[in-house]
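Participant: Dock chains Z and E against the given chain F, drawing on the hints supplied.
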Amino acid sequence: MRSFILTGPGRLVVTILAVLLLTSGFFIAIGRDPFSLLWLIARSAVGDGYALTETLVRTTPILLCALATALPARIGLITVGAEGQLYFGALIGTGFVLANLNGTGPWLFFAMLAAAMLAAGAWAAGAALLKSHLGVNETIVTLLTNYVAALLVTWVVYGSWKNPASQGWPATAEFPAAFKPFTFFDSRVHVGLWIAVALALMLHVLLTRTRWGLTLDILRSNPRAGIAAGLRWRRNVVLTMALGGMLAGLAGILETASIQGRLQANISAGAGFSGFLVAWLARNHCLRIVPMSLLVGALLASGDGLQMLANLPSSISLVVQGLLFVGVLLAGGGLRRLERGHG
Amino acid sequence: MKFRNPQKESTVKLHHLLASAAATLALTFGAATAQTIGYIYVGPEKDYGYNTSHDLGRQFVEKNVAGTRTLHVENIPETAEVERVMERMIKSGASIVFATSYGYLDYAIALGKKYPKVSFMHAGGLKLGDNVGTYWANSDDAIYLAGMAAGSVTKSGKLGFIAAFPIPQVVRSINAFTLGAQAVNPNATTTVVWTGGWLDPAKEAEASNSLIDAGVDVIGEQVDSPITIAQTAEKRGIHVIGKDVDVSKFAPKAVLTGASWNWGPAMVKVVNEIKGGKWKPSHIRGDLKDGTVVLDPFGPAVTEPVRKTILAKKDDILKDKFEVWSGPLVAQDGKELLAAGKPMSMEMLESMDFFVKGVVGSVK
Amino acid sequence: MDSLEIVFSGFLISALRSATPLLLALLGECLGQRTGIINLGTEGQMLIGAMAGYGATAAFGNPWLGLAAGAGAGLSLASVHATLAIGARANQFASGLAVWMLGSGLSAYFGAAFVGRKIASFDSVDAGAVATWPIVGSLVSGVTPTVLIALLLVPVIGIWMYRTRTGLRWRAVGESPDSARAAGVSPAWVQVQAVLAGGLLSGLGGAALSVDYTRTWAEGMSAGRGLVAVGLVIVARWNPWWTLPAALLFGGAEALSLRLQAANTPISAHLLHTLPYVVSLVVLTLTYVRARASGAPAGLTAVMDR
Numbered sequence: 000m001r002s003f004i005l006t007g008p009g010r011l012v013v014t015i016l017a018v019l020l021l022t023s024g025f026f027i028a029i030g031r032d033p034f035s036l037l038w039l040i041a042r043s044a045v046g047d048g049y050a051l052t053e054t055l056v057r058t059t060p061i062l063l064c065a066l067a068t069a070l071p072a073r074i075g076l077i078t079v080g081a082e083g084q085l086y087f088g089a090l091i092g093t094g095f096v097l098a099n100l101n102g103t104g105p106w107l108f109f110a111m112l113a114a115a116m117l118a119a120g121a122w123a124a125g126a127a128l129l130k131s132h133l134g135v136n137e138t139i140v141t142l143l144t145n146y147v148a149a150l151l152v153t154w155v156v157y158g159s160w161k162n163p164a165s166q167g168w169p170a171t172a173e174f175p176a177a178f179k180p181f182t183f184f185d186s187r188v189h190v191g192l193w194i195a196v197a198l199a200l201m202l203h204v205l206l207t208r209t210r211w212g213l214t215l216d217i218l219r220s221n222p223r224a225g226i227a228a229g230l231r232w233r234r235n236v237v238l239t240m241a242l243g244g245m246l247a248g249l250a251g252i253l254e255t256a257s258i259q260g261r262l263q264a265n266i267s268a269g270a271g272f273s274g275f276l277v278a279w280l281a282r283n284h285c286l287r288i289v290p291m292s293l294l295v296g297a298l299l300a301s302g303d304g305l306q307m308l309a310n311l312p313s314s315i316s317l318v319v320q321g322l323l324f325v326g327v328l329l330a331g332g333g334l335r336r337l338e339r340g341h342g
Numbered sequence: 000m001k002f003r004n005p006q007k008e009s010t011v012k013l014h015h016l017l018a019s020a021a022a023t024l025a026l027t028f029g030a031a032t033a034q035t036i037g038y039i040y041v042g043p044e045k046d047y048g049y050n051t052s053h054d055l056g057r058q059f060v061e062k063n064v065a066g067t068r069t070l071h072v073e074n075i076p077e078t079a080e081v082e083r084v085m086e087r088m089i090k091s092g093a094s095i096v097f098a099t100s101y102g103y104l105d106y107a108i109a110l111g112k113k114y115p116k117v118s119f120m121h122a123g124g125l126k127l128g129d130n131v132g133t134y135w136a137n138s139d140d141a142i143y144l145a146g147m148a149a150g151s152v153t154k155s156g157k158l159g160f161i162a163a164f165p166i167p168q169v170v171r172s173i174n175a176f177t178l179g180a181q182a183v184n185p186n187a188t189t190t191v192v193w194t195g196g197w198l199d200p201a202k203e204a205e206a207s208n209s210l211i212d213a214g215v216d217v218i219g220e221q222v223d224s225p226i227t228i229a230q231t232a233e234k235r236g237i238h239v240i241g242k243d244v245d246v247s248k249f250a251p252k253a254v255l256t257g258a259s260w261n262w263g264p265a266m267v268k269v270v271n272e273i274k275g276g277k278w279k280p281s282h283i284r285g286d287l288k289d290g291t292v293v294l295d296p297f298g299p300a301v302t303e304p305v306r307k308t309i310l311a312k313k314d315d316i317l318k319d320k321f322e323v324w325s326g327p328l329v330a331q332d333g334k335e336l337l338a339a340g341k342p343m344s345m346e347m348l349e350s351m352d353f354f355v356k357g358v359v360g361s362v363k
Numbered sequence: 000m001d002s003l004e005i006v007f008s009g010f011l012i013s014a015l016r017s018a019t020p021l022l023l024a025l026l027g028e029c030l031g032q033r034t035g036i037i038n039l040g041t042e043g044q045m046l047i048g049a050m051a052g053y054g055a056t057a058a059f060g061n062p063w064l065g066l067a068a069g070a071g072a073g074l075s076l077a078s079v080h081a082t083l084a085i086g087a088r089a090n091q092f093a094s095g096l097a098v099w100m101l102g103s104g105l106s107a108y109f110g111a112a113f114v115g116r117k118i119a120s121f122d123s124v125d126a127g128a129v130a131t132w133p134i135v136g137s138l139v140s141g142v143t144p145t146v147l148i149a150l151l152l153v154p155v156i157g158i159w160m161y162r163t164r165t166g167l168r169w170r171a172v173g174e175s176p177d178s179a180r181a182a183g184v185s186p187a188w189v190q191v192q193a194v195l196a197g198g199l200l201s202g203l204g205g206a207a208l209s210v211d212y213t214r215t216w217a218e219g220m221s222a223g224r225g226l227v228a229v230g231l232v233i234v235a236r237w238n239p240w241w242t243l244p245a246a247l248l249f250g251g252a253e254a255l256s257l258r259l260q261a262a263n264t265p266i267s268a269h270l271l272h273t274l275p276y277v278v279s280l281v282v283l284t285l286t287y288v289r290a291r292a293s294g295a296p297a298g299l300t301a302v303m304d305r
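Protein chains in written order, with numbering that gives the first Met the number 0: chain F, 0 to 342; chain Z, 0 to 363; chain E, 0 to 305.
Bound conformation, chain F alone (with noise of 0.2 Å):
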């Protein structure tokens, strides 16, 4: 039993088995019958077509934020920024768009990608060097900043972006055609997502394979031996947090570009940390990631569902991810723990 329970499959089944025991228990704590709330869940996350769109329209950004937070996890960072570097990209993005709405031309979608993502990856960067050079520990500095980049966000809305036409309402004017990715069957689902896996998938083959995955590796198991051997470490960390930067202001202007149509305050619906929650349900493994966005973005997109057909209110997703973290969680530290009793 106990060899079965440590393989692969044995220790999917166990957290997904403790997941299911907590949230089932909250479930009854607060008198409602488990079955049919795990049950209402799956259907609103998955149940029809429509609700399959919608958990991958909420996909998108969540993937890419989680690779966000990955990619400099392989060398031992911890970093939060991936809401504020979403904020930021979709913030310079937008200035493109707005310096350029009467253009045209394929290379104008592209360009505004390319102008979020290094926007996006310049202020990772800064973080970064405050790490590298300074020391300073790059979880509180992202963490403040990404307060910083979602007050900028708000600043322009209601400043000096704020489009005359929307009769005083903050956001910024509609983005023109040639700025909006292509859709798939009618839905919201954009092209983003399947840049997204690409992405994911690049990362991965990166960093398993080639030599540059395992100087992060060697630089983050043991620091003081890779430096000796001559690997950079700071530039390395700054690699990392820019890249990791880019990623997530991609999925801020792709957000705004596609599911939004304009900038506006409040577009992140938390992906950030959504995204670092994957990362590390992933164990910052950019295969798994793949899966996990989905399912987290399954159990947010359900929320819906909860609040209209079981009547309970929006708190209760934040408890159910809550939930699903610490299910997973205690079943690691439990397998753990029966790994080390077996010698």
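Fair warning: there could be bad hints in the mix.
Unchecked claim - So the derived list for chain F, only partly shown, Cβ under 7 Å to chain Z, looks like this:
id : residue
1  : 21
2  : 265
3  : 284
4  : 303
What the hints assert, rightly or not - 25 Å max Cα-Cα, derived BS3-like pairs, lysine-lysine:
id : chain 1 : residue 1 : chain 2 : residue 2
5  : Z       : 62        : Z       : 90
6  : Z       : 312       : Z       : 356
7  : Z       : 312       : Z       : 157
8  : Z       : 234       : E       : 117
9  : F       : 179       : F       : 161
10 : Z       : 341       : F       : 179
11 : E       : 117       : Z       : 126
12 : Z       : 312       : Z       : 268
13 : Z       : 268       : Z       : 116
14 : Z       : 113       : F       : 179
15 : Z       : 126       : Z       : 234
16 : Z       : 274       : Z       : 113
17 : Z       : 334       : Z       : 248
18 : Z       : 334       : F       : 161
19 : Z       : 248       : E       : 117
20 : Z       : 313       : Z       : 277
21 : Z       : 318       : Z       : 268
22 : F       : 161       : Z       : 356
23 : Z       : 279       : Z       : 154
24 : Z       : 90        : Z       : 113
25 : Z       : 288       : Z       : 334
26 : Z       : 126       : F       : 161
27 : Z       : 288       : Z       : 277
28 : Z       : 288       : Z       : 313
None of these hints come from the bench; they were simulated from the model.
Idealized CB from N, CA, C, for every residue including glycine.
Facilitator: Quick look at chains Z and E alone, frame taken from chain F:
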């Protein structure tokens, strides 16, 4: 098997669980024999403020229109998220959707094109669709009257206004408040502080204290819930004007009066029209006259002669003898906005982005 | 009153009031980080403390009971972090985030029943004749019991940490768990205690926010203070004595941004709202520049600067 349910303070037994299971399943798979109406709120429906006022409307509808069941979702931000939620509601059977926050407008219109058989009612918008109507209530009259109370009670002549964001509805309130105060106290000024969020009690408390320390002795507000500001005012011995919901029970000495919503009857009217097939999308604008806006009862600080003056003005408004938004109106910088006797256009009114003279603060 | 007067009159008491909930959470997190455990769930603990504190005060009519309930709720939630991070040896950041999510969700869920209730709260401390003194007068008459508690805890915890034997043991656990173990101290047990104490204090801070400062409950009302507390511990150099200036720095920046608006400064309100975060960031960076983060408990460094 017994479990405590803190929300309902009763023990839950097995058959309770089975019953709720059945009910949940019934809800999810239930056929829409009842007419389903959906409500979407931008904040918590139990905020005892703006969102609660719409939720009370929902409950009124459920009680007063036969054969309706309602779906309600809270905390939906004014982003594309709401389009998703509305669509989900429609797929769950909703034939009418109440989008209760200003920023939902474009999404409601877009979705209206996609689902021509569903009726949408949006709160406060200025655009219509073939199946999208808007509803709002003009609270400016009531706030003007409340401003009169403020202007009468203030000793320092300095009023304050705490609000979330400079959107037109808020800007109108600030201007109406100031105009009302200036009607009884021509030198009254209103200092504006933006909290940057619809619901942030700590900032609201701090903003109140800052204003009070700066000499303000009556505060008006437009945030999600007036409770924090009212209680801070009460604690520091100054006065306050309520909004959205009557908060006098939280601050019995501080509250002078307020402007509260009463959406229920207007909503019932629309629902019945839709049911009867007689509905045509329009901008429904309730006001003090039809009872969609209510001037709250006066607090103890408002003396008898002041009450008389205010009620007389209210009477004038009800009889169309007085219009808050008519000239002469002067902007903050002294420029004339509206000549004497001229009424304001609907466009200027609903996209107001300027402050009148006497308001201290920026619309940005 | 001219602009300068508006900004500075009552500013200190304003900063103090704004800083109190943060200060309590800061002290709590300081204890935890000193023993080598970082708790990102402080925000969730504050929220659950605010909710429980408000609810208890509304139910029993006694704000002191409310403070106690808030502290208790914070402690209970912290036990989740202790179980995960210490018991299950899970990654501390992950565990902290999980606790944050739980705290946010649970407080919003159960707190919905409490919105719109009026509560009996604290009166300001009766300052008597002192209230009429210039400058000090307005400072003293704005003080409420929670402000006093927080101010008193600073020296209490400071003295405890540096002058008592248990304080020494806790610091030893943070510096080197192995040598502590060799000296007969169980690091895990000390860490658990520290996390629980942190939970108690942040829960108390949350209750101070809802029961005393705002007298309201609203979802997410701590607005990130718990997270900021985690960062400010570094600014305070893990020293309880420095938590007061650190908290005042943040609280002061916040109070300042609102006062600048009240004084009609031409800077956009949104930019002003970034002030607390920017100031904290600058001070944080300077802290590192000047002392290269020396002073951090070595055990914590192992966790954070991998």
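Participant: Hint by hint, say whether it matches the structure.
Facilitator: Against the structure, the hints come out as follows:
no.: 1; hint: 21; verdict: violated (15 Å)
no.: 2; hint: 265; verdict: holds (5 Å)
no.: 3; hint: 284; verdict: violated (30 Å)
no.: 4; hint: 303; verdict: holds (5 Å)
no.: 5; hint: Z:62 x Z:90; verdict: holds (24 Å)
no.: 6; hint: Z:312 x Z:356; verdict: holds (22 Å)
no.: 7; hint: Z:312 x Z:157; verdict: holds (23 Å)
no.: 8; hint: Z:234 x E:117; verdict: holds (13 Å)
no.: 9; hint: F:179 x F:161; verdict: holds (20 Å)
no.: 10; hint: Z:341 x F:179; verdict: violated (45 Å)
no.: 11; hint: E:117 x Z:126; verdict: violated (40 Å)
no.: 12; hint: Z:312 x Z:268; verdict: violated (29 Å)
no.: 13; hint: Z:268 x Z:116; verdict: holds (19 Å)
no.: 14; hint: Z:113 x F:179; verdict: holds (20 Å)
no.: 15; hint: Z:126 x Z:234; verdict: violated (43 Å)
no.: 16; hint: Z:274 x Z:113; verdict: holds (20 Å)
no.: 17; hint: Z:334 x Z:248; verdict: violated (42 Å)
no.: 18; hint: Z:334 x F:161; verdict: holds (23 Å)
no.: 19; hint: Z:248 x E:117; verdict: holds (8 Å)
no.: 20; hint: Z:313 x Z:277; verdict: violated (33 Å)
no.: 21; hint: Z:318 x Z:268; verdict: holds (23 Å)
no.: 22; hint: F:161 x Z:356; verdict: holds (24 Å)
no.: 23; hint: Z:279 x Z:154; verdict: violated (50 Å)
no.: 24; hint: Z:90 x Z:113; verdict: holds (12 Å)
no.: 25; hint: Z:288 x Z:334; verdict: violated (32 Å)
no.: 26; hint: Z:126 x F:161; verdict: holds (19 Å)
no.: 27; hint: Z:288 x Z:277; verdict: holds (24 Å)
no.: 28; hint: Z:288 x Z:313; verdict: holds (10 Å)
Checked against the numbered hints listed earlier, the structure breaks hints 1, 3, 10, 11, 12, 15, 17, 20, 23 and 25; every other hint is satisfied.
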